[in-house]
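Enquirer: Construct all of the structure, not just a fragment, from the sequences and the given hints.
Using this note's numbering, the letters of the sequence shown map in sequence onto residues 1 to 335.
Bear in mind the hints are in silico, worked out from the structure with no lab data behind them. One or more of the hints may lead you astray.
[Said to hold, decoys possible] Estimated spans, in silico, between C-beta atoms of each pair:
#1 Glu-243 <-> Gln-74: 43 to 53 Å
#2 Ala-189 <-> Gln-267: 47 to 57 Å
#3 His-263 <-> Arg-195: 42 to 52 Å
#4 Gly-101 <-> Lys-185: 14 to 24 Å
#5 Ile-265 <-> Asp-238: 17 to 27 Å
#6 Ala-309 <-> Ala-207: 19 to 29 Å
#7 Lys-213 <-> Glu-28: 37 to 47 Å
#8 Asp-49 <-> Gln-267: 43 to 53 Å
Think of the CB as a built atom: it goes at the ideal place given N, C-alpha and C, for glycine as much as any other residue.
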Amino acid sequence: MAHVSLRAVLMGALGASALSANIAHAQEPLQVVTSFSILDDMVSTIGGDHVSVTSLVGPDGDAHAFSPRPADAQSLADADLIVVNGLQLEGWIDRLIDASGYEGEVVVASNGIDTRSFEGHEDEGDHDDHDDHDDHDDHDDHDDHDHAADGEEEHHHHGDVDPHAWQDLENGEQYARNIRDALVKADPAHADAYRANAERYIDEMEALDKEAKARLSRIPAADRLIITSHDAFGYFADAYDLELLSPVGINTLAEPSASDMGHLIQQIESSHARALFLENMTNPALINQLHEETGIAIGGTLYADALTAEGEGSTYLGMFQHNVDTLLDALEADD
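Expert: Below, the structure written as structure tokens:
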């Protein structure tokens, strides 16, 4: 009898241990790796306590110029889900995924948006290919994604598509929907939480978009020119009826020639621009040169391709609010 009792105790202990292990595993957050900090914030906001997010490109980092490290491949190997911007922003991502051995889903956050082209790029591609959003699986198929990005990594260009789609809050809403759907698929046990968080987040984006449209509409027609380090604000300019000039195109790796700078200076001087704007993740040298050549004031720093580690620019919505405030402060300034 004592032997039976001891066996029962041991079996019960083993069963309890296994149950505890299963519960602990079930309660572990979903491991998500994002390509850069803006997606990190979006996934964290929608996922809440049910996700643990690692960003490959950190705060104030440049996704155009990022060079992966061995530790980044390990992060992907340990991931349950990878979220990227797409639109050829991350020319390094597919080789990194191959090196890591990751075989799960790669979520393209920009899927379904209406892209804009960069008409001034010297190496234009087929814009219609990027605008075809009917087949979501095409974006999530790892082999297709590898093929497209391998060519980009070799040539360090983005074709003619502008990858900075998050700079329009309506696109940000689509990013949120795609992230929500991916989290629900990967972790259906917490689907209700993901849907509720995404709904609140999208409501906040809609409210901020409405506010931005109302406030930016006050800028006089003659003063609606934004001059930044690189062409990261095209979607923003389209959404809020502004104009955009920059020394380089959509890729921060590009360098303008002396003739390019001379032509740009002539454009700026003839436009009677009110202010120049720095970016938080690019070298300020080009904007400082334009300031010295034209005498036009620097109106502040805009958040372009990255968030900051802390402060108002540490979240996507905070970044957007800061950019609107900074533009208004500079472009509505009294003469």
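Enquirer: So, for every hint listed, does it hold in this structure?
Expert: Results of checking the hints against the structure:
1. For the pair Glu-243 and Gln-74, the beta carbons lie near 44 Å from each other, so the given range of 43 to 53 Å is met.
2. Evaluation of the 47 to 57 Å hint for Ala-189 and Gln-267 yields a pass: the beta carbon distance comes to about 56 Å.
3. A hinted range of 42 to 52 Å holds for the C-beta pair His-263 and Arg-195, which are about 50 Å apart.
4. Between Gly-101 and Lys-185 the CB atoms are about 21 Å apart, so this pair conforms to the stated range of 14 to 24 Å.
5. At roughly 25 Å, the beta carbons of Ile-265 and Asp-238 sit within the given window of 17 to 27 Å.
6. Distance hint for Ala-309 and Ala-207: a CB-CB separation of about 26 Å, consistent with the stated range 19 to 29 Å.
7. Distance hint check for Lys-213 and Glu-28: the Cβ-Cβ separation is about 42 Å, which falls inside the suggested range of 37 to 47 Å.
8. The hint said 43 to 53 Å for the Cβ distance between Asp-49 and Gln-267, and at roughly 50 Å that hint holds.
Violation of the numbered hints given earlier is absent; every hint is satisfied by the structure.
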